[in-house]
Amino acid sequence: MPRSGPLDAALSAGGLHSRLSDAASGVGVTLRGVRRIYPTGLEAVASLDLTIEAGAFVAFLGPSGCGKSTLLRLIAGLDQPTDGSITFSRAASGASVAFVFQDPHLMPWRRVLENAALPLELAGVGERDRKDRAMAALEEVGLADAAVRYPRELSGGMRMRVSLARALVTRPALLLLDEPFAALDELTRRMLDDQLRALWQKLGMTVLFVTHTLSEASYLAERAIVFSKSPARVVADHTLALPREREHALRSTPAFLAEEQTLYEALVRGEAT
Amino acid sequence: MGAFLERALPPTLALGGFLAIWEVLTRALDVPAYLVPPPSAVLAAALQEPSTLLVGAMTTGRAALVGFAFSCAFGILAAITLATSRRLERAFYPYTVFLQTVPIVAIAPLLVLWFGPGLRAVAVSAFIVSVFPIIANTLAGLRSVDPALRDLFRLYGASRLATLVKLELPSAIPEIVTGLRVAAGLSVIGTIVGEFVAGFAEGAPGLGIVVLTSYRQLRTDVLFAAVLTAAGLGFTLFALVNAVGRLLLRRWHASELSR
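Going down the list, the protein sequences come from chains Z and L. Numbering-wise (our numbering), the first sequence opens with residue 1 and increments by one. Numbering-wise (our numbering), the second sequence opens with residue 1001 and increments by one.
So that you can see chain Z by itself, here it is in the shape it has in the complex (with noise of 0.2 Å):
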């Protein structure tokens, strides 16, 4: 990949990084025996086994509260396991993970290039060398306008699309999404779905992609998950027979028609047991 010269420096200065010899492409990721009892005796997941090969689209579906959140903090690292582990396929667990919520929180206090450059400067990265590398972050998403601009002069789904540059700005190996665009209009939901599924062509990470709507999943993913209700168990586990270029007139084919009612009936299945 043509951007990992300047990258490795950059990600080496931050320990989490450190370990990446490219980062630009996916990590694969093994879930064996995977738990998680909350001290509340609650069960959010039970004992699953999951894995994600390098650079896979994976949509996570279930309904809500049924752990599938819970399961992308634990892969995030933001919550340890009760039992079980997590490995991912290059060495050591140094992956370099971003995470986007279902609200963009941003920092109001910051101007959106700023915004965007937080996760470089954290990682130790000098100033212009950030600020270039959020500008053209920003400029994937298509905001590199809105740079000088502070989030809440933004609509909503400008907003998101700040959180995804962020997210996008260390050239993550995962990305990791919990419902990101649930909370927005249909028409830019569909927008910002079709510049997630371009750049992670682009980009080649591996996305794991929580969601609870199933043309979502179907229209995003090449791999659908669905999950029971609490605690998440795996009920199908669902390659999506659809075309890697993937457009609007998509969703009205027999074939998404189709795979949209599979994810259904497992969904049903979930909700059943």
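To be clear, the hints were calculated from the coordinates, so they are not data collected in a lab. For glycine and all other residues, C-beta sits at the position ideal for the given N, C-alpha and C. Careful, some of the hints might be misleading.
[Said to hold, decoys possible] Facing chain Z, from chain L, some residues (calculated, C-beta under 7 Å):
1) ASP1146
2) LEU1149
3) ASP1151
4) ALA1158
5) ARG1251
Model the placement of chain L on the given structure of chain Z, informed by the hints.
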């Protein structure tokens, strides 16, 4: 200019009306001047004794500023320290409430014993009265940082110091400013009360002393003028803090938008 008039005119008219009614009533009802002097007499007294009031304002203002500065420094540092651990907060926070509830008039004689009469004891009195709102508000601000942003900082391996400087303090600024606003007014009140007990020192008497002496001489007009000067002092300090707050928050915080 039109917008300024629109904002400045109503309170000015209200004040003018109030003073006019006061003036007319005291004259019409022939109220003794030692009870309620008419505004014109207060103004005359102020013009008659400008140096007393000016020197008083300087002395009181200096003590209030010193107390307030210590409140800011100590209050914010104390809140940062308490915010580092729940256990620490549980251990010490209840006792900071003591600062809020201690009757400052009752403790002021102690301050004279410990610090001697004059600026130091008075400033300590201002400090005691004004520090609690800063601690409480700063702590609340540090505690209410967006948890998702905390997660983000953890994810990117941010150090404790980076999290404090880049996340916690900036997001607590609105609450800190609120605390400072309250503390600004309180520090002048604490100074005046402190002066009642501890202000009899060498040199320039503060406004608290001016209030006491004019009371003993039944110079109610001077007393009124001193009280108004003290109120003006508190207001000036408050306005100063407000201006700083606006400068810090105007670009991003709802409290300072569209004003």
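Structure versus earlier hints, numbers of those that do not hold, lowest first: Of the numbered hints given earlier, the structure breaks none, since each of them holds.
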